[in-house]
Amino acid sequence: MTTLLWILPLVPVAFGLAMLGVRDRRLFHALDLASASATGVLVVIVARTVMRDGSLRAAGVFAADAVTVVFLGLIALLGLATAIYTIGWMRREVAGGDIEERRLPAYFALVQAFLATMLVTVLADNLGVLWIAMEGTTITSALLVGFRRDRYGLEAAWKYIIVTTIGISFGLFGTVLVYAATAHALGGAAAGAMNFTTIAAMAHRLDPGIVRIGFIFVIVGYGTKAGLAPMHMWLPDAHSQAPSPVSALLSGALIKCALFGIIRFHTIARGACGPAFSGRLLLLFGLVSVVVATPFILTQRDLKRLLGYHSVEHVGIVALGLGIGGPVGTYAAFLHILNHGVTKALVFFVAGDALGRYGSRDMGRIRGFLRAAPFAGTFLMLGAFSLAGMPPFSIFVSELLVLRAGIAAGRYVTIAIFLAMVVVIFAGLIHHAGKMAFGEPDEAVRRGGEALSGVLAMGLLAAVMLLLGLTVPPGLDRILTRATEVTLGS
Amino acid sequence: MGRATPWALALGQMALLVLLGPLVTGVIQKLKARLQCRRGAGILQPYRDLTKLLRKGTVQADTAGSFFRAVPVAVLAATCAAAALVPVLFASPAAGAASPLPLGDAILLLGWLALGRFLTAVGALDAGGAFGGMGASREMTVATLVEPVLMLVVFSVSVVAGTTDLGAIAGHLSLRRGSFGAPDILALFAMLVLLLAETGRIPVDNPDTHLELTMLHEGMLLEHSGPGLFCLVLAHHTKQIVVMALVQALFLPWIPASTALFALALGLGAFAARTLVLAIFLALVESSYAKLRFFRLPQFLSIGFLSAFLAVALRLL
Amino acid sequence: MSPELATRLIDALGALLLFTMILILAAGQLYRAIYAVAAQSVLIALAGAVLGATTHNLDLWIVAGITLLVKAIALPWLLLRVIRRVGIRREIEPVVPITATLAIAGGIVVLAFHLSSSLGAVRQAITGNALPVGIALTLMGVLVMMSRREALTQMVGLFASENGIFFTAMAVSQGMPLIIEIGVVLDVILGALVMGVMVLRVRSSVDADIAELDRLRG
Numbered sequence: 076m077t078t079l080l081w082i083l084p085l086v087p088v089a090f091g092l093a094m095l096g097v098r099d100r101r102l103f104h105a106l107d108l109a110s111a112s113a114t115g116v117l118v119v120i121v122a123r124t125v126m127r128d129g130s131l132r133a134a135g136v137f138a139a140d141a142v143t144v145v146f147l148g149l150i151a152l153l154g155l156a157t158a159i160y161t162i163g164w165m166r167r168e169v170a171g172g173d174i175e176e177r178r179l180p181a182y183f184a185l186v187q188a189f190l191a192t193m194l195v196t197v198l199a200d201n202l203g204v205l206w207i208a209m210e211g212t213t214i215t216s217a218l219l220v221g222f223r224r225d226r227y228g229l230e231a232a233w234k235y236i237i238v239t240t241i242g243i244s245f246g247l248f249g250t251v252l253v254y255a256a257t258a259h260a261l262g263g264a265a266a267g268a269m270n271f272t273t274i275a276a277m278a279h280r281l282d283p284g285i286v287r288i289g290f291i292f293v294i295v296g297y298g299t300k301a302g303l304a305p306m307h308m309w310l311p312d313a314h315s316q317a318p319s320p321v322s323a324l325l326s327g328a329l330i331k332c333a334l335f336g337i338i339r340f341h342t343i344a345r346g347a348c349g350p351a352f353s354g355r356l357l358l359l360f361g362l363v364s365v366v367v368a369t370p371f372i373l374t375q376r377d378l379k380r381l382l383g384y385h386s387v388e389h390v391g392i393v394a395l396g397l398g399i400g401g402p403v404g405t406y407a408a409f410l411h412i413l414n415h416g417v418t419k420a421l422v423f424f425v426a427g428d429a430l431g432r433y434g435s436r437d438m439g440r441i442r443g444f445l446r447a448a449p450f451a452g453t454f455l456m457l458g459a460f461s462l463a464g465m466p467p468f469s470i471f472v473s474e475l476l477v478l479r480a481g482i483a484a485g486r487y488v489t490i491a492i493f494l495a496m497v498v499v500i501f502a503g504l505i506h507h508a509g510k511m512a513f514g515e516p517d518e519a520v521r522r523g524g525e526a527l528s529g530v531l532a533m534g535l536l537a538a539v540m541l542l543l544g545l546t547v548p549p550g551l552d553r554i555l556t557r558a559t560e561v562t563l564g565s
Numbered sequence: 623m624g625r626a627t628p629w630a631l632a633l634g635q636m637a638l639l640v641l642l643g644p645l646v647t648g649v650i651q652k653l654k655a656r657l658q659c660r661r662g663a664g665i666l667q668p669y670r671d672l673t674k675l676l677r678k679g680t681v682q683a684d685t686a687g688s689f690f691r692a693v694p695v696a697v698l699a700a701t702c703a704a705a706a707l708v709p710v711l712f713a714s715p716a717a718g719a720a721s722p723l724p725l726g727d728a729i730l731l732l733g734w735l736a737l738g739r740f741l742t743a744v745g746a747l748d749a750g751g752a753f754g755g756m757g758a759s760r761e762m763t764v765a766t767l768v769e770p771v772l773m774l775v776v777f778s779v780s781v782v783a784g785t786t787d788l789g790a791i792a793g794h795l796s797l798r799r800g801s802f803g804a805p806d807i808l809a810l811f812a813m814l815v816l817l818l819a820e821t822g823r824i825p826v827d828n829p830d831t832h833l834e835l836t837m838l839h840e841g842m843l844l845e846h847s848g849p850g851l852f853c854l855v856l857a858h859h860t861k862q863i864v865v866m867a868l869v870q871a872l873f874l875p876w877i878p879a880s881t882a883l884f885a886l887a888l889g890l891g892a893f894a895a896r897t898l899v900l901a902i903f904l905a906l907v908e909s910s911y912a913k914l915r916f917f918r919l920p921q922f923l924s925i926g927f928l929s930a931f932l933a934v935a936l937r938l939l
Numbered sequence: 016m017s018p019e020l021a022t023r024l025i026d027a028l029g030a031l032l033l034f035t036m037i038l039i040l041a042a043g044q045l046y047r048a049i050y051a052v053a054a055q056s057v058l059i060a061l062a063g064a065v066l067g068a069t070t071h072n073l074d075l076w077i078v079a080g081i082t083l084l085v086k087a088i089a090l091p092w093l094l095l096r097v098i099r100r101v102g103i104r105r106e107i108e109p110v111v112p113i114t115a116t117l118a119i120a121g122g123i124v125v126l127a128f129h130l131s132s133s134l135g136a137v138r139q140a141i142t143g144n145a146l147p148v149g150i151a152l153t154l155m156g157v158l159v160m161m162s163r164r165e166a167l168t169q170m171v172g173l174f175a176s177e178n179g180i181f182f183t184a185m186a187v188s189q190g191m192p193l194i195i196e197i198g199v200v201l202d203v204i205l206g207a208l209v210m211g212v213m214v215l216r217v218r219s220s221v222d223a224d225i226a227e228l229d230r231l232r233g
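Chains A, B and C supply the protein sequences, listed in that same order. Just so we're aligned, residue 76 is where the first sequence starts under this note's numbering, counting upward by one. Just so we're aligned, residue 623 is where the second sequence starts under this note's numbering, counting upward by one. Just so we're aligned, residue 16 is where the third sequence starts under this note's numbering, counting upward by one.
Treat the hints as calculated values from the structure; they're not laboratory data. Incorrect hints may have been included.
Not the full set, but computed from the structure, chain B residues with beta-carbon under 10 Å of chain C [unchecked claim]:
| no. | residue |
| --- | --- |
| 1 | Leu672 |
| 2 | Pro805 |
| 3 | Leu808 |
| 4 | Ser929 |
| 5 | Ala935 |
| 6 | Leu936 |
Built from N, CA and C at the ideal position, the CB exists for glycine as well.
This is chain A alone, in the form it adopts within the complex (with noise of 0.2 Å):
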C-alpha cells in the first residue's frame, strides 16, 4: 500500500516523458488524459485506504492522512478536468498561431511536470522534501506563464519566479527553524527530526521561541506562493498572462499547495506556542488580503487579472477559516479550498473560452457572450454567481461556514469586515458578469462552433460545484472532518 503514495507521483512524470517523443497532437490529448485518469483512480484508492487504516506513511518521506486526500483530490480534479479542457483549447490555439505545433512536447510535458511536482508537495512528509517540491512547482509553472514568450509573459514570469522564489525561501528558513528546535528538543538527534509527523507528536515539546520565529517566516514565505496579501502583487500578473488551462491549475490548485504547506506549520505551531498565536497571524493576513484585493477587483478590466485578485481575496478567506479556527473554522477552510479551487477552474475556463472567441481579455470588449456561446455564457453566469457567493453553490457554503464560526468565536469586527468586503465584491462581480453575458456580440465574433471537449470540462465542474453547493456527501463529510482534527491536533 505505501508504495502507491511512491507510485503516484510517478504517474505524471512517465506520461510526461513519454510526451516528450510524441508528435501526433491526438495522441498528446490521449496520454494527457490517461494520465489524469490514472491519477484519479489512485488517488481514489489511497482515500479509502487513508479513511480505512488512518493514515499511510512511507520510509518518512511520504505520508498521507486525511488534509493530503483533500489536496489530492482537488488536484486530480482539477488535472482531469484540464486535460478535457485542453482538447479543444490547443485546437483553437495551434489553429491561431498562437502555439506553434513543434512546441506542444514542451507544452504537455511541462504540465505533467507540474502536476507531479504538486502531487509531491501535499504527499510530503519530510518538510525538506515539500520545500524542493514547491520550489519544482515554481520552476515548471514559471516557464509555463512565460510560455507565450510575449513581453507581457515574460514580465509576469520574471516577478512570479522572483518574488515566489524568494518567498519560498523564507519558508526554507522556517522549516530550518522548526528543525533546529525539534533537534533540540530531541537532545541533537537528527533522525525525524524533519518529519511532519515526528515534529507534530511532539510539538508541545519544542520551544515556543523559536517556533514562533519560524511561523512567521514560514507563514510569510509560503504565503508569498500562496498569494496572501501584502506579498500577492505577482498573483494577478501570473494568472493572467498564463496559458488559460494553466492558470485553471495555478489559482485551483498551486495556491492551495502553498496553503497546505502553512496548514502544516500551523499544526506545529498550535503544538508548541498554543493557539493563539499563529491563529491570530492567519487571521491578520486573511483578512488583510480581504480588504486589499476589493478595490481591485472592483476596477479591474482585465477579465483574467480580475480572477487574479479574487484568488487573493479567496485565498484569504481561507486563511482566516484557518485564523478563526475551532472545528467549524478549519473546516469550513478546507471546504473553501475544494470549492474555490473548483469553481475558480471553471470560470478560468470560460475566460479562455471568451480570450480565444473575442481575443482580448478586456471586459470593455467582451459583450454578449450569451448569444456568441450559449453553454460558455451559461456558465460564465454560473461561475461569476458562484465566486460571488451566491447560493446554491459551493462557495456559499463554505464562507457562511466562516462566518458561523467567526460569530461563535466573538471575532464580530473580522466578520463585520469579511462580510462588507464579500457584499462589495458580489456586486461588483455580478456587474462584470453581466455585462459581459447580456447584450448583442460584435459582428466579428465567431458565433457557435463551442468545442464539445470544454463544454465537458465545465459541465464537470459546474456539476461538482453544484453538488456541493447542495450538499456535503457523506464521504467528504468524513475527510473534511479527520482533516480537521488531524489540523487541530485532536
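Following the hints, position chains B and C against chain A.
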C-alpha cells in the same frame, strides 16, 4: 640607560612622529611611482619641499587678518598634541592600570584632530577666496561622515578594554594577543576606510593634484604660503602618521609595556614595520582606484559607517 | 576541533559574511556584486568545513564542497556569462538610494540580533551567532532584491539570501540531512538556470531589459 621619564617619553614621541611624518609620505609616493612604472622622486623629497617653503616669504590676501596668520601655527600645535597621545613607544604595563602618562584619551585625540581640521577650514574661509570656501565646505561634509565613524570604531574597541585611554587599550590588546574577534574585522574595515578619508587619499581626495576643483584638502591650503604653508603641510604629514599609529594601536598593537631603552627600540622597530605595511596598503589603493566624484563620497563613507555601526552592535548584542 | 574554537570561527565568519553583504548592498557595478556573492559562498563553504570538522559529520563536508562548486564558482560564472551576452555594465540607479539602503541594513542587523537574543535555551542548538547572521543575511538579500531594478542584481540578492539560510541550516545541531541539502542546491541551480534563460530570452525576443518591463499594473 635606565628608564626615561614619562614627560621625556611623550615629547620624544611627539618629535619622532613629526619628524617621521614626511618620511612616510615620501615612502608612499615612491611606492606609488614604482607601481605606476615611474622612477618617482626620492624618499626624502617631502623634507626638501618643506625646507623650501621655510625659505620663502609670505603673501597674504588683503581681506585676511592676523587670525589667518595664526591658523597654521595653531593647526600644527593641535596635530602635535595629538601625536603625543597616540601610544607608539609605550603602553600601560597591565590592563586596567592607569596610563603612565595621563595626557588624555582617545576622545581627546579625536578632538585634537577635529580641531586641526576645523581651524584649517576656518582659515580658508577667512581668506575670502572662492576655492577656499569650496574646499572648506567639502572638507566639512566629509568630516560629518568621518568623525562619527571614528568615534564608533574607538568605542567598539574600548568596550572590550573597558576604557577609552589609548595606552590602556593598546596594553590590553597586546596582552591578549590572539583574540581578534568577529566585530574587530568589521571595525578594522571601517578604520581602513577612515584612513583613506583622514589622510586625504584616493578614492576620497587626490593628494597629488593641485587642481582646485577636484581637491578637498588642497583647496583649503591654497591661500597660504611660506612658513604658514610649511606648518600646514607638516601638520598634514603628521596627521597621516598619527592616524596610522591609531590604527595600529586599536588593532595591531605590540607595544612594550616597559620603558626600558631596549624595549623602546624594539617597539620602534615594530612600529616602523607596521607603518610600512599600512603605507603599502595606501599606495596599492591609490594606484588601483579612481577618485570618486564628490556626491558619491557619502555612499563610500557610509559603507564605513555601517561597518563601524555593526561592529559596535555586534559587541553590545 | 573543539566547540569553543568552532564557535569563535563561526562568529568570525559571520562578521565576514555581514561585510560581504554590505559590499553587495553598496555595489555600484554588477560584477562587483557578483564577486562579493561568490566570496560569500566561499565563506559559507568554509563554515561548512569548520562545522564538519567539529561534528565529524561527513555530510557537512560534502555540502561544503557542493556549495563551493555550485554557488561560488558555477553560478557566478553563469551570471557573468549572462552579463557578457546582454552587455550591461553599470547598475541603473536603484529605487532606494544607497545610503538609505545601508541605513535599513543596519537596522536589520540590529533587529536580527535582538530577535535571537530573546530566545532561550534553544539558542544553543545553533552554533555561535549563525542564527542572527542568517536572519540578517536573508533579510538583507530581500532588501537588495527590493531596492534594485536590474534583474541580475535581483538574482544576486536571491543567492545572498539563500546563503544566509544555508549558513543557519549548517550550524543547526549536526546540519540538515544530506538529501535535503542536495535537493535544495539542485533546486537553486535549476532556478538560477531558468532565471538566466529568462533574462536572455527577454533580451532576444523583446529586445529590452527586464528592468524596463513594467507594463503590468493595477
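Hints versus structure:
Residue-level restraint check for Leu672/B is violated (minimum Cβ-Cβ distance to chain C is 38 Å; threshold 10 Å). Among the interface hints, the one on Pro805/B holds; its C-beta lies about 6 Å from the nearest C-beta in chain C, closer than the 10 Å criterion. The restraint placing Leu808/B at the interface with chain C holds, with a minimum CB-CB distance near 5 Å, inside the 10 Å limit. Evaluation of the Ser929/B hint against chain C yields a held restraint, the C-beta minimum of about 6 Å falling below 10 Å.
Taking 10 Å as the C-beta cut-off, the interface hint given for Ala935/B holds, the closest approach to chain C being about 5 Å. The beta carbon of Leu936/B comes within 7 Å of a beta carbon in chain C, closer than 10 Å, and the hint placing it at the interface holds.
Going down the numbered hints, you'll see the structure goes against just number 1.
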